[in-house]
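Following the hints, put chain G in place on chain Z, whose structure we already have.
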Amino acid sequence: MADPYALYPARIVDKSEESPGIYTYRLRLDDDALRERFVFEGGQFNMIYVAGVGEVPISIVSDPEDSHLLEHTIRVVGRVSGAIGNLKEGDVLGLRGPYGKGWPLETSEGKDVVVITGGLGCAPVVGAIEYMFRRRDRYGAIKILHGVKTPNDLLYRERFDEWRKHENTEVLLASDQPGKTWHYHVGVVTELFDEVEIRPDFAVVMMCGPEIMMRMAAQHLEKRGIRHDTMFLSIERNMQCGVGLCGHCQIGPYFACKDGPVMRYDRVAPYLAGGW
Amino acid sequence: MAAQVLQKRDMDALFGVLQARGFRTLAPTVQDGTAMWREVADSAELPWGWRDEQAPGHYRLHQGDAGRCFDLVHGPQSLKNQTFVAEEPLMRVKRVDGELTFESCVPEPVPTALIGVRACDLAALGIQDRVFAEGEHADARFRSRRSSLLLVAVHCTRAQPTCFCASMQTGPEAKGGYDLALTELDDRFLIQVGSNQGASILSELPTESADCRTQERARRAVEACAESQTRGIDRSNLPGALYETDNHPRWQQVAERCLSCANCTMVCPTCFCHRVEETPSLDGEASERTRLWDSCFSSEHSYIHGKNMRPDTKHRYRLWLTHKLASWIDQFGTSGCVGCGRCITWCPVGIDITEEAAALMEKP
Chain Z
-13 MADPYALYPA
-3 RIVDKSEESP
7 GIYTYRLRLD
17 DDALRERFVF
27 EGGQFNMIYV
37 AGVGEVPISI
47 VSDPEDSHLL
57 EHTIRVVGRV
67 SGAIGNLKEG
77 DVLGLRGPYG
87 KGWPLETSEG
97 KDVVVITGGL
107 GCAPVVGAIE
117 YMFRRRDRYG
127 AIKILHGVKT
137 PNDLLYRERF
147 DEWRKHENTE
157 VLLASDQPGK
167 TWHYHVGVVT
177 ELFDEVEIRP
187 DFAVVMMCGP
197 EIMMRMAAQH
207 LEKRGIRHDT
217 MFLSIERNMQ
227 CGVGLCGHCQ
237 IGPYFACKDG
247 PVMRYDRVAP
257 YLAGGW
Chain G
140 MAAQVLQKRD
150 MDALFGVLQA
160 RGFRTLAPTV
170 QDGTAMWREV
180 ADSAELPWGW
190 RDEQAPGHYR
200 LHQGDAGRCF
210 DLVHGPQSLK
220 NQTFVAEEPL
230 MRVKRVDGEL
240 TFESCVPEPV
250 PTALIGVRAC
260 DLAALGIQDR
270 VFAEGEHADA
280 RFRSRRSSLL
290 LVAVHCTRAQ
300 PTCFCASMQT
310 GPEAKGGYDL
320 ALTELDDRFL
330 IQVGSNQGAS
340 ILSELPTESA
350 DCRTQERARR
360 AVEACAESQT
370 RGIDRSNLPG
380 ALYETDNHPR
390 WQQVAERCLS
400 CANCTMVCPT
410 CFCHRVEETP
420 SLDGEASERT
430 RLWDSCFSSE
440 HSYIHGKNMR
450 PDTKHRYRLW
460 LTHKLASWID
470 QFGTSGCVGC
480 GRCITWCPVG
490 IDITEEAAAL
500 MEKP
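Line order of the protein sequences matches chains Z and G. For the first sequence, counting from 1, position 250 maps to 236 in this note's numbering; every step adds exactly one. For the second sequence, counting from 1, position 352 maps to 491 in this note's numbering; every step adds exactly one.
Calculated from the structure, these hints are not laboratory results. Errors might be hidden in some of the hints.
Residues from chain G that face chain Z, not an exhaustive set, calculated with beta carbons under 7 Å [as the list claims (entries may be wrong)]:
id, residue
1, 242
2, 243
3, 306
4, 307
5, 440
6, 441
7, 449
List time: in silico DSS-like cross-link candidates among lysine-lysine, alpha-carbon distance up to 25 Å [claimed, not checked]:
id, chain 1, residue 1, chain 2, residue 2
8, Z, 97, Z, 135
9, Z, 166, Z, 135
10, G, 453, G, 502
11, Z, 74, G, 233
12, Z, 135, G, 233
13, Z, 97, Z, 87
14, G, 446, Z, 87
15, G, 233, G, 446
16, Z, 74, Z, 1
What follows is a set of in silico ranges between Cβ atoms, one per label pair, in the way DEER data are often shown [said to hold, decoys possible]:
id, chain 1, residue 1, chain 2, residue 2, range
17, G, 178, Z, 214, 34 to 44 Å
18, Z, 196, G, 283, 37 to 47 Å
19, Z, 151, G, 286, 43 to 53 Å
20, G, 197, Z, 186, 51 to 61 Å
21, G, 286, Z, 120, 42 to 52 Å
Small disclaimer: the values here were computed from a predicted structure and weren't measured. Every residue, glycine too, gets a C-beta built ideally from N, C-alpha and C.
For reference, chain Z alone in the conformation it holds in the complex:
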């Protein structure tokens, strides 16, 4: 009988530091058959387990076409992520997944994609951006709008510079607070909307960040004529089982782990940042 909590050993093949306290791990499942069977889509997550410490949900940021090496970016924020941060190449973790609904990457082909992110990390959307740039000719204009609180919070600075080099691509950054080395917009991310052209009937919006920020952004975009069912949000909640059994990640009538983490705005709108 299948056990939804069953874990499988996965080895750290490579560990790299993105920024202080942020690491990307490449993991390889030990079991050959399991590795061959493993299929995922961008935006899905795995439960990652550290022996003697516990489990956390971490989104898969690598490309779905290479499911043998699974990349996960973690930020050291809590007990379990702290323990993951202390691991090194060759160490073994437990892994189960993939879980949840990912980004609409295939159905967005041929369209413009607007990516809006706020705050630290935003690993769930980094995988989607890299996916699209690896298949650049399949998408229309790509616009990446990223907001941070202070200039020091800008992670992946090199990645943003790389993305900017692609054709038909705009990368706009905003920081709430100014800084000596900050040459970009000072203010909130929604103010960047005035600087980009968004074609409502040709655009798909992908968002990741605090719920309050995503709600503000969606309300702005709504005024620009963007339909609710073309906006997709990555929802972050306390997920302990990943399979809709433990109850913690509920947001309104949904389980973020199985109905999300990527959810369409028209479904989740009433429950964002409202104590649900």
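Same frame as chain Z, now just chain G:
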């Protein structure tokens, strides 16, 4: 098979047949001033003569009719703990020569006969089936225990003031999902069959065909029980109406009474939230993962990255009640409430889900 009659003096035959078939026999017994499920050898251990008295925030046992063994409606325990155990090992992790091994803990089925199951709890078991056994990620532990159950229901002939199963259409008559169902009359039980296994067991019991009068008396007793219920929930506008109550002042009013103690979620026969605890060995070479019941009323339930998504009692109570009566329907195609009334009885301040639901449906 037509309904049969089993005389009360022959009741031990039922225990005997079940035990001969390898079942351990469990029944509600009087313990700690309430009704608790416990393994019993024969009918002498049933709560003969006991009856309960329930009201919001109130539970007492009294001596009643000495000839009755199922007058005690229910205690805080439903069947939940028989299938989804309050605390159980999930997995054993070992480190051997740098390699990690994971051993899932799935219990071996132990044939278990539950004698005296109420209609509300049977309905709740059906709801738990949808949550734990019928989804894409069915839980092996639940299924193992569930498959080993034999269910002898008792149609209720007494209702508590807190009971509202009639309005939830789950009782007082057990509507199926049982192997055998009893209706308790003065000197006898009417027995109905609900499964092939039930029919086979019945064929070994010293029963006779039920005469019309016995059947009529049994039917009337259950009907009268339904009619005696005073509480209820108007479900005609559910689930939709509850989703429109986001800013209803009633949420704040109930939050001012609610202690966030989680009693309602512990006694609820359908609440399924759980968390997993990690217990590493001192030398770090092994660890055990344990699953425990959790409650949406705890501050940790929605905690992530330094933020509490449901920051106070108002939001936690709103999630709980909305989940029970509305979002459960969207998630699992059934109400999450069966009308057992336990959350009303065992709430230390007597908060009443039927009263809150009615107030929320009213315009503020």
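Hint check against the structure, violated hint numbers in rising order: 1, 3, 4, 8, 12, 15, 17, 19
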